[in-house]
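Enquirer: Chain by chain, the residues:
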Amino acid sequence: AQSVSQHNHHVILSEAASLELGCNYSYGGTVNLFWYVQYPGQHLQLLLKYFSGDPLVKGIKGFEAEFIKSKFSFNLRKPSVQWSDTAEYFCAVVWGGYQKVTFGIGTKLQVIP
Amino acid sequence: DGGITQSPKYLFRKEGQNVTLSCEQNLNHDAMYWYRQDPGQGLRLIYYSQIVNDFQKGDIAEGYSVSREKKESFPLTVTSAQKNPTAFYLCASSIRHRGSGGELFFGEGSRLTVL
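Chain order of the listed sequences is A and B. If you're matching positions, the first sequence starts at 26 in this note's numbering and goes up one per residue. If you're matching positions, the second sequence starts at 112 in this note's numbering and goes up one per residue.
It is worth saying that the hints were derived from the structure and are not from the lab. You may find that some hints are simply not true.
Once the Cα atoms are required to be at most 30 Å apart in a straight line, the calculated BS3-like pairs of lysine-lysine come out as [stated by the list, open to error]:
(1) A:133 - B:168
(2) A:94 - B:168
(3) A:86 - A:125
(4) B:120 - A:74
(5) B:194 - A:133
(6) B:168 - B:181
(7) B:168 - A:125
(8) A:74 - A:133
So these bits of chain A aren't anywhere near chain B, every CB distance computed over 10 Å [claimed, not checked]:
(9) 33
(10) 42
(11) 47
(12) 59
(13) 94
(14) 102
(15) 104
(16) 105
(17) 110
(18) 135
Examples of chain B residues toward chain A, derived with CB under 8 Å [stated by the list, open to error]:
(19) 144
(20) 152
(21) 201
(22) 219
(23) 220
Glycine is no exception: its CB is placed at the ideal position from the N, C-alpha and C atoms.
Full structure from sequences and hints, please.
Expert: As structure tokens, this is what we get:
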């Protein structure tokens, strides 16, 4: 079955530390890739997306992600985190351009001032 | 403002009762979704609909039912057959385009508690 794996379930970082959250998906072929973020008390919102083209995509608030097709990965990065980045981050995948969106289990990020 | 409205925000239900969660969108999106969010399990797809009068089961459809009679509305019924209905339910919508499928806009969620 198609699945999305997020390896880090709970990450604690100090402010200014660098962040990398892993995301891997099963099966190859054409994929659309997403990272969503859920800040405390807020609804889920799109952080960044990849449909095609440059495999390094930039999103809001200084986040970026790199699509590595050979590794079936789409890792999220940020060079220097802030306390306001404390949130839960979800990787999501659509296979074949269809509408079914499959999410990973999420990574809770806690940034300590 | 365009967006997705879910109601009620909080709902309590006795065991054996059916309950319907409302989801309305004014984004003119064709596709709509229902997810269930549980701690440590991420978002799991219950049902989704790409067009009016059509919907597909997701990964955990048992004990749930939906309808899509209007483009802007996609209500979810949690039936008494759902074994563990206490959860946070999220509705989402997206444009229906093969190349850009998956960019979802979410509502604020409905928290259902079964007493």
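Enquirer: Please name the hints from earlier in the document that this structure breaks, with their numbers sorted from lowest to highest.
Expert: 12
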